[in-house]
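Protein chains: 4
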Amino acid sequence: MCPDHDHAHPIAVNVSDSAEPGPAPAANLIEELVISNHILFDQGVVDAFGHVSVRHNARPDHFLLARNMAPGRVTPADVVEFTLDGEAVNAGGRKVYLERFIHGEIYRKRPDVMAVVHSHSHAIVPLSVVKGVRLQAIFHMAGFVGQGAPVFEIREAGGDATDLLISNNHLGRALADKFVGHDIVLMRGHGSTVVGSSLPQAVYRAVYAEINARYQLQASLLGEVTYLTEGESRTCIQNVEGQVQRPWDLWVEQARAKRSVQHTKS
Amino acid sequence: MCPDHDHAHPIAVNVSDSAEPGPAPAANLIEELVISNHILFDQGVVDAFGHVSVRHNARPDHFLLARNMAPGRVTPADVVEFTLDGEAVNAGGRKVYLERFIHGEIYRKRPDVMAVVHSHSHAIVPLSVVKGVRLQAIFHMAGFVGQGAPVFEIREAGGDATDLLISNNHLGRALADKFVGHDIVLMRGHGSTVVGSSLPQAVYRAVYAEINARYQLQASLLGEVTYLTEGESRTCIQNVEGQVQRPWDLWVEQARAKRSVQHTKS
Amino acid sequence: MCPDHDHAHPIAVNVSDSAEPGPAPAANLIEELVISNHILFDQGVVDAFGHVSVRHNARPDHFLLARNMAPGRVTPADVVEFTLDGEAVNAGGRKVYLERFIHGEIYRKRPDVMAVVHSHSHAIVPLSVVKGVRLQAIFHMAGFVGQGAPVFEIREAGGDATDLLISNNHLGRALADKFVGHDIVLMRGHGSTVVGSSLPQAVYRAVYAEINARYQLQASLLGEVTYLTEGESRTCIQNVEGQVQRPWDLWVEQARAKRSVQHTKS
Amino acid sequence: MCPDHDHAHPIAVNVSDSAEPGPAPAANLIEELVISNHILFDQGVVDAFGHVSVRHNARPDHFLLARNMAPGRVTPADVVEFTLDGEAVNAGGRKVYLERFIHGEIYRKRPDVMAVVHSHSHAIVPLSVVKGVRLQAIFHMAGFVGQGAPVFEIREAGGDATDLLISNNHLGRALADKFVGHDIVLMRGHGSTVVGSSLPQAVYRAVYAEINARYQLQASLLGEVTYLTEGESRTCIQNVEGQVQRPWDLWVEQARAKRSVQHTKS
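Protein chains in written order, with the working numbering: chain S, -10 to 255; chain D, -10 to 255; chain P, -10 to 255; chain V, -10 to 255.
These aren't lab readings, by the way, just hints derived from the structure by calculation. Treat the hints loosely; a few may be bogus.
Identical chains share a label here; the pair holds if one copy fits it or two copies do between them.
[Stated by the list, open to error] Cut-off 20 Å, straight-line C-alpha distance, at most; resulting in silico cross-link-like pairs (DMTMM-like, lysine to aspartate or glutamate): (1) Lys120 / Glu219; (2) Lys247 / Asp31; (3) Lys84 / Asp238; (4) Lys120 / Glu213.
None of the values given here were measured: they were computed from a predicted structure.
With the hints as constraints, model all of the structure from the sequences given.
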């Protein structure tokens, strides 16, 4: 158990703006992050909880993440800039997500990662708690899941009385270590984190990881399952994920239409 | 079997206003109770049946509960005040819920409880009827479920030919006894009751108890499940439930937007 | 196998108006039948298929049923009157449901029945095809299901090459025979038929039979299930079903609001 | 393994208009194809992926298919004409579906087929990956599924490192071969393809194949299942599918109402 792990903490926290401001992120990156929040909510990947971040376009050692709030309600004004250590640049007194360490430590460990989604989606959680079971690529849309996603057991790094949350850099690093050779990691009794080389790809993967989990739950009750081979997984990533723009465009359109209707109404 | 248990009764009942009126409850408490009814309906925890109450802010020996009606349609004018014995202050000839004894007897037994939700949510009922199975905390959002929720078997207090309803103080007390050391109790072949120190907390728990049940159903088909430890449950309650405002704000916003649209339309 | 069973027939049929007209049915009965169609669609009990009928208020040997069409679209002008033999009074050249024999033969067999719902709802069909499994009352809302609903195996009356439809009086009578002592009968590989003493009760039962089936599917995968006793079933019917007005009022309100919005929009 | 199979390809591709134009297809056929795309999306058969085609009314060696895009967004201007070899007549520089070979090769193999739906619907995929399990007709609406749908294992024709997609004529022919004596073929780890003698029939079959799969998943967990006999399947196809106009009309109405509301709003 980690001696500096403080078990008593709120999951929304106040931080001082201890990091130095620098060049502003691109406005369209902020827009893309906002709509990613909305899409993840609309697709049922997040509810009032869960979060998505993107690496700062001009400062690879910084990333952007909403302040502590429900993803479906995020606006551009709610986006906060953080260092990889999780220090805020411009929180301005607003509460931030306790679990920002998930994002910072993965960006540090994996320079190729540009976007991170953390969620508790509905078919993923059950698969995270069954001994001997690993999420595995079952269909062509989810080749990125690979031959068995690691399960992060927080008890190994944090002891057996945590709130299961990644509440400091120590736990963030332990989680990030699981991303060597993997783009999705399940978190026991908690959810999953998935990474991508862009927001559309990370969002796509979060949506289809959930669907893969649902199929795996159903299929494995019926008998022995034929999963994708390593070669199939690799070819699927290469070819199918070149196509993330197609669902992305649809989801953006749906997210905008839905919010435009709500604005007209209320 | 309880000799005073009358098996023939309607589940909506007429009561005389036998209790003395006193100070009026706070208007915002009534508003919070109304929107709690709407949220529980919108989130699928209740359908036309189920109910939520809150302890009277000025008279801890009284509580507030809608008159007999579908929760999704409750308005402030539908809220009735009751004593812990289930006697009405201001029913004014309107029918009330037969099962108000659930609420009164729990408030009597547990002075710390400020709000009570009773429902038949969809994943809870199946878990209430399987021999040897107990609802158990499976993920960090549901630490309050603990190491195994009690199942109330009405046959022990009411015999084997009841309608399973908590239709009098005798049955209410038998149910309330199960809440010593537990904040959620399943009721065999019926549903569950969950308590909290505020309406947002009780609503939160009703929503996430249902989700926990669904995950438990799925996971336990796949193999041996790793549930939260007692320490994890405790830490989760302490930290995660400090955050109930986040889903509450989202649900309030959704409930209002939905009803505002319907008003505009009809 | 029945020699007069003609395997080649459309499921929407033309009939001549061979029956004599008499007193018109009450207008509010027709209204209630129309909204029952809408509710069953809204609640997911029927899709484009399935039907609901009511016994004629002035002629107990006649009943009312929509012409051949999707239930969610029925209007008062679509209601047709039939004799118990399935002969039309006022089809006026419009196609009618092939399976009207379900309704006529049950009204003949069970003078106490005033309304009949036939559907293929989603959890009922799987339970209709598993050897040795019978739908059984699992919670207090579904006492009417009783200690094991009969399964109608059409092969016994119609041979092993039918379309599973109740396409003539012979098959209708064979099905109706199963309703002695039962208010719901499953039909293997097809769906179910449920009866009540009013449209609200029959609709209520169709909705909660489906929910009971879903719970039974889930619970029976987990272990040995405690079903309602015969006494509990009886008491539940007596007390809980006195309350069908509550969901009925909610469903009527929802059905009207939904259709009013659609009218405004289109 | 097929030597000419190129594993590295995008799933949206550019093609030159190498085929000769001829008589234009009927405008109402294009309208029917557009609304088929919308219905399949609305009914949850396709998401951003999947496609539906129809044989050209005036040139049986040509077929019509949307350009590469999400089905729910297709308009008449997005429909492209192809030869059975998958060569475009009028792509005009727009990207097309890589998997158009599914459609062309089935139209070549089965002159009676007029419409083809390819999808990854949610209950079909799990059934496609379990060893020894075959989709089988379980209820009267899905007689066309028959006594066990073939599963196309792409490894037999394409090796064990494909992206599971039907990306050339060689794979298209291997898939089409499975349609001898069958109207639906599952594709391991991918989805299914279903054919019909008209767009309404093919759409109907895609919707009810998914429902049949869901029922089969549930029922087969409970015990031994009674499937339709060969005679029942045949009679169901003959009688029930004469009725595809009923759901079709409902779905068309819903698809139009939904899109009309969205137009008014946005």
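Comparing the hints with the structure gives:
1. Taking CA atoms no more than 20 Å apart as the test, lysine 120 paired with glutamate 219 passes between copies only; the shortest distance there is 19 Å, against 23 Å inside one copy.
2. When the C-alpha separation of lysine 247 and aspartate 31 is checked against a cutoff of 20 Å, the pair qualifies both within a copy, at 9 Å, and between copies, at 16 Å.
3. Taking identical chains as interchangeable, the C-alpha atoms of lysine 84 and aspartate 238 lie at most 20 Å apart only when they sit on different chains, with a minimum of 15 Å there against 32 Å within one chain.
4. Proximity of lysine 120 and glutamate 213 under a CA criterion of 20 Å is satisfied in both settings, with 17 Å inside one chain copy and 6 Å between copies.
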